[in-house]
Every structure is written in C-alpha cells, then in structure tokens.
Amino acid sequence: MRSANDRTGVSNEAIYKQGSAVGHLECQNTVMSESLRKVSTMVHLLRHRAQHQPRQTAYIFLQDGETETASLSYKELDAQACLIASRLQREGTADGRALLLYPSGPEFITAFFGCLYAGIVAVPAHLPRPNQDLSRLEAIVSDSQASFALTTSTVLAKLERLLKENQSLAALRWLKTDELASHQGKSWHEADVSSDAIAYLQYTSGSTGTPKGVMVTHRNLLHNAEVIERAFSVTREAILVGWLPFFHDMGLCVNVLQPLYSGLRCILMPPLSFIQKPFRWLQAISRYKATSTGGPNFAYDLVCAKAKPEQLAKLDLSNWAVAFVGSETVRADTLDRFAATFEPCGFRREAFCPCYGLAEATLMVSGGLKNGPPDLYRVDGAALEENRVVSAVGVHANVRTIVGCGQIRLEQKVVIVDPESLTRCPDRQVGEIWVSGLSVGQGYWNRPVETDHTFKAYLADTGEGPFLRSGDLGFLKDGELFVTGRLKDVMIIRGHNHYPGDIELTVEKSHPALRSGCGAAFTVDIEGQEHVVVVQEVEREFLGKLPVDTVIADIRQALAGQHGLYVNVVLFVKAGTIPKTSSGKIQRYLCRAKFMNRTLDVLETTGAALKVSGYRHGPTS
Amino acid sequence: MINPVESQSRTNVGSQHSDAKEAANKQLPTAMEIRAWLVSYLSELLEIDSNTVCVNSPFDRFGLDSAGVVVMTGDIEDWLGCELHPTLAYDYPTIDSLAMHLAEECNAKALSLD
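These protein sequences, in sequence, are chains U and Z.
Going letter by letter, the first sequence gives residues 6 to 626 in our numbering.
Going letter by letter, the second sequence gives residues 315 to 428 in our numbering.
The hints are simulated quantities; they were obtained by calculation from the structure and are not laboratory data.
These numbers were taken from a predicted model, which means no experiment stands behind them.
Incorrect hints may have been included.
[Unchecked claim] Restricting the straight-line Cα-Cα distance to at most 30 Å, the calculated cross-link-like pairs of lysine-lysine (DSBU-like) are:
1) Lys423/Z / Lys163/U
2) Lys461/U / Lys482/U
3) Lys423/Z / Lys313/U
4) Lys294/U / Lys375/U
5) Lys169/U / Lys191/U
6) Lys319/U / Lys423/Z
7) Lys313/U / Lys163/U
8) Lys550/U / Lys599/U
9) Lys375/U / Lys418/U
[Unchecked claim] Anything over 12 Å on all C-beta distances counts as not near chain Z; from chain U, calculated:
10) Leu77
11) Ile280
12) Ser291
13) Val420
14) Glu425
15) Leu443
16) Lys482
17) Asp507
18) Lys514
19) Asp559
C-beta: ideal position from N, C-alpha, C; glycine also.
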C-alpha cells in the first residue's frame, strides 16, 4: 500500500524543460512517475504504461451515454495498437498519412495509436452522415495526400455505395481494423520515431472553406498535455468525463491524449448521445463523481435549456472542480445562467475554467483554475472600439463584458500585436494574439505560403519571433488573457473597430420583432465604397406585419447611440434562414456571400440595401 | 438554420408533450398518431402553423439542422418511452418516413419483450 508521500515519484516543483542534445523531453510533473520523466513520444508513454500499469483502465465507454458498453486497459490499448501497426507496416509504407473514419468509441483510439506505433501520420476526420455532402472529406483526403483509410467493417459497408461514386475515396487503401487476427500483432517492430516526428494532422474547422491540416508533433502533444494537466490542477484522484468528438482538437487532446498522459481514466460518451439528451452529461458527472469535464459555450447553454426540475433533484455536482469552457467565445451570461441553475445541485462558480486555444497551438494557450470565480471584466464599449481597454465604471449604457481566459503556462508566450504595424501593443490595448512555445504546431501540411504567413511571424520593431498569428484579437490584464473577437470579422469604420457580435446584440435588442442570436453584421466593398450591412431575422409572428419604418428607425437609433454608427443597409430575412454552424454560430462569411449573390430570403430592406445589392424592390423603401 | 439551444429553450417543448401523452400512452401509438405528434412538435418548436408542416419535406427544409434533429429524437424517446439511436432522423429524414419507422420499431420492441 503506497503512502501519501510516495505517489510514484511526485515532484512538488513542477519544472518542465526541454532536453538538450539528445532532443528528448524531461517532464517533471505532478502526476507522472520518475521513470516516465524521459519520454520522447506518445508511443513510449503508452508502451510504458502498458508495461507498468497493464490492467489499469484507460477509457470507459458509455455507447448510449448511460450504460458502460466497453473499456480499454493500457495493455489492451497497446495490444490493439501493435496489431494495427503491424498491419500498416506490412502494407509497406514507412511514412504516409492515414485517414481515420470512426464513430465515437474505442475503435478510433486504438486506430489512432496504431498509426503512431507504425510511424504513420494519423488524420482524424468526421464520419459523414447519410446524404451529407462529401466535399470536406474529399478536400481533407486530397490535401493530406492520405494513402490509407482506417475504419470498421460496419462503417465501410455503409460507405460502399459512396466509394463507387467517389474516385478520391475509392483510391485509398481501406483497412478494417476490427477484422485483424490477433496473432498478427507480434510482427510489429517499433518505428524509429523522434519527438519531432508528426504524430497527426489536425484539420481546422475553418469557416472559409479550404481545410488546413496543422502538423502536430509528439513534442507538441506531450507539451500541451502537460499544459492542460497544470491548468486543470490534475491530481491522481481526478475523475474525467467527456463527450467531445475525437476529430476535434479539444476532444482529442482533453478526452483522449491528456488522460493517457496523466495516467487517468476517462469516461466517454459519443457527442450525439449528449446532444440527444444533454442531461446525460450531468448524470455521468454525478454518477461517477467526476472532477473534471467541460465543453464549448453552447454545451452549457444546451444543458440549461433542457434541464427539468425533477432531474435536478437527483444530481450531485459537488465534486465537479474543473468545468472548462473553450473552443468558442465564452459568454458571461452563459456562465451566470449555468451557475444559477445548478448551484442547488452543488455546482460551484469557482469550478469554471474558461480557456483559450487553437488547433495551430495543438490546443491550449491559456486557461486554468484560479482562487475564485472567473473574471467577468466590464469595459467601456466606446474605448474598446478604439482598441483601448478601460474599465467601465458605474452604470453605463455602453459596456462590454469580456470573460478572462486564464494564465499562459509552461514557457508559452503570448504577445499582443498591432496587426498593421506588427509591433507590440502597450498594456491595455487590444491587438492580435501571437503565441510561441513548444505547443505551437509545425505549420500546415503541404501549404508553405500559409505556413509562412501564420506560423512564422516576427515583430517588426524587435525582430522577435517566430510567433504563431492566431487571427484572434485580445488583451492581457495582469497576465490573464482576454479575447475580444476574430480579426477578420472586425469592421474598421473611420478608424474605429466594430465587433460584429456587439453590433448584432444591439440590433436585436432594439425591437421585439427581431430574433435573438439571429443577425449578422459585416462590411461589403462596392465600387470602392465600404458599406456596413446588417442582416436580421424577424420573429415568425411578425411575418407580413413588420412595421418596417419603425424597426429601421429603432435599429438606427440604437446603433448611433451605442456605437456611434450609422448603418444604411439593413435587410430583414425570414426566421431560420441566417446561415449557422451546427453549434449555432453565425456564419458571417457565408451570410455575406449570400448577400452578394442575392440568395438571402429577404422580406424587407432599406432603400440603400436595394441600391447596394440589387435585391428586388420590396413593398416599402 | 435552427440553433438547437435557441429553439428548444423557449418552452420545454418535449416535456410538455410527453407529460400530456403519458396517460394515453398505455397503448403503443400508430404511425398516424406519431405523425400527428411530430407535426405538433415541429409546429410548436418552429412557431409555424401546423397546416404548413409538410410531412414529406426533409427536416432541414424546416430549418432544423443536424443537431436539432438529434435533440428531437431525445424528445421523441421521452414520449414514446423507447430508446432511439440519435442518428435516426438522418436515416428517416421526413415526418412521414420517421413516423412509419417508429411505429414499426416500437411495435417490434414490444413484441420481443412479450
């Protein structure tokens, strides 16, 4: 029986440093054992765990979100990985890319490690739905130049028809990893893989079309797992639950890789079983007394929306110490609502752990527990439009609340940079978030121009670099990172930065006929003139009865008062027609495109809108 | 496209339906009854007149996106009291086809339990 002090080699001072000549990493962390300190790849890490903790459970699967249907111990995972790797090695390619097409479950994880064991770059991809457009999958196949596709026999049977019709998919060598004979694993030979070898390509979700694959090395992976471990104050007693998709950076890193890194088991359910019954997530947290789990902002909203009083009575969330929120803008009102709803079940606001990260930096850039609830920082809206950060004092018409996204850890560096001059911003000024550190990926696969532009940025004044340009805007306050928006979305009008999200919020609040969360603001350039365009959905009960002139006047008054902005081009569209992602994010870029090619479902417009866009004349102008 | 959060938050649509129907649910519903339930569910959710709900249109034509249909299967589960795969509405993407499948599915499950 181990004593409390003998946690198989704990270092109280967690120091992380890069190994020198040999090129391996030294990880002295709170959870790992002494013998794991010199680990150069994820392969070594798993092999080590399989040898020293063979029967320990790595993952438990709740296939329907409720019942335990499968589990994987380290030994089982290692054995499956050897089997798949030996099969891949017999195919003869020393290096190559393999597409991974799996439903959420153990098969994905074993295949992923199978690739790593074989020294083949894994390319996780979203399994297409029936009747879904395959263009994104085709784009990933062609971009990654994958030669293999790993999947299960069930999935392949369903894809059979598609393969016949689709040349690029049919050209892949398909391997059914559930049909491999177990004795074949013995022929696996460990590939000579260094920590700088690419482990996988993380394709970014990208709002603008062409998917780009971030090259994530073993070094990146291990470093970021350490970052996450520190941020979430992971200890040996941690109990993890997750439902995020594995082809997504947060799902892969937080639910699959980091638990393995820290030697902790993770209880997993498929994302769709969460979406189907969001309560299942909370039920699992309660049942397993989970200490750490989280998701994007919308997940917290969804759970609140579907919560029923009789369900709350059965929940105990008092062990939930780390409720991380990331992957999209973290909203203060979401956190407030969630805390208020679940406080009676033992949930504590102090558990909230807003984070910031991006696939290009493997995952996490900032985040972490603090002694207290998250910082909901109220700033003066007018100053923010001039990129100045000024605390809002007292009662104010024009206030923005920005959620603090934590500290930057483990020798990662964040600088706030003026996107025009490429010089460092002074404190309390908004600029583009630039990142450097061992978690930053090696670039985009096979895209040297984009890689140069995004991953090799240098400060114009000091020449410091290279940095990763995130494309996100934010500021630092007392070492904590605050994110204000996307650089590309910001509208610069007469020297002022206008965040579309803030404008959309002002517009929708200006009249009850306007649907909440269903508007888009963007600029268009027509014949050398820049126009701000607002596209806004109308509530169904106002269909055919919209008091157009009144609403336009209300919108204009609100925008002038709150933002000092005169918007001439306003279009009212039918409810449910503004393009959104499946998680409810407004797709401004797509909306803009639809505006330009006149495919919006327009009900009414301002006269200026007609001139600018060429839409047909409405009943009023 | 309907944001599942936004659309399902206004009223707990699913639960109202399931409470009302629970008493009447001793007998397994027929395809016609399921169809009527789906029409009512969607018209309430999307705030449209039930006369305008076309039983042969794919769900995305109503503005219900891929996540929205999954949430819908969760609410159907509550009402019917039988387990459904979250991707069911991808395979049966209209009210009519889904209703017919559900009627068969639930009847089959009930028979296998006897």
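Against the structure, the hints come out as follows:
no.: 1; hint: Lys423/Z / Lys163/U; verdict: holds, 24 Å
no.: 2; hint: Lys461/U / Lys482/U; verdict: holds, 26 Å
no.: 3; hint: Lys423/Z / Lys313/U; verdict: holds, 28 Å
no.: 4; hint: Lys294/U / Lys375/U; verdict: holds, 21 Å
no.: 5; hint: Lys169/U / Lys191/U; verdict: violated, 35 Å
no.: 6; hint: Lys319/U / Lys423/Z; verdict: holds, 29 Å
no.: 7; hint: Lys313/U / Lys163/U; verdict: violated, 37 Å
no.: 8; hint: Lys550/U / Lys599/U; verdict: holds, 25 Å
no.: 9; hint: Lys375/U / Lys418/U; verdict: holds, 19 Å
no.: 10; hint: Leu77; verdict: holds, 23 Å
no.: 11; hint: Ile280; verdict: violated, 4 Å
no.: 12; hint: Ser291; verdict: holds, 18 Å
no.: 13; hint: Val420; verdict: holds, 35 Å
no.: 14; hint: Glu425; verdict: holds, 35 Å
no.: 15; hint: Leu443; verdict: holds, 35 Å
no.: 16; hint: Lys482; verdict: holds, 30 Å
no.: 17; hint: Asp507; verdict: holds, 19 Å
no.: 18; hint: Lys514; verdict: holds, 15 Å
no.: 19; hint: Asp559; verdict: holds, 22 Å
Checked against the numbered hints above, the structure breaks hints 5, 7 and 11 and satisfies the rest.
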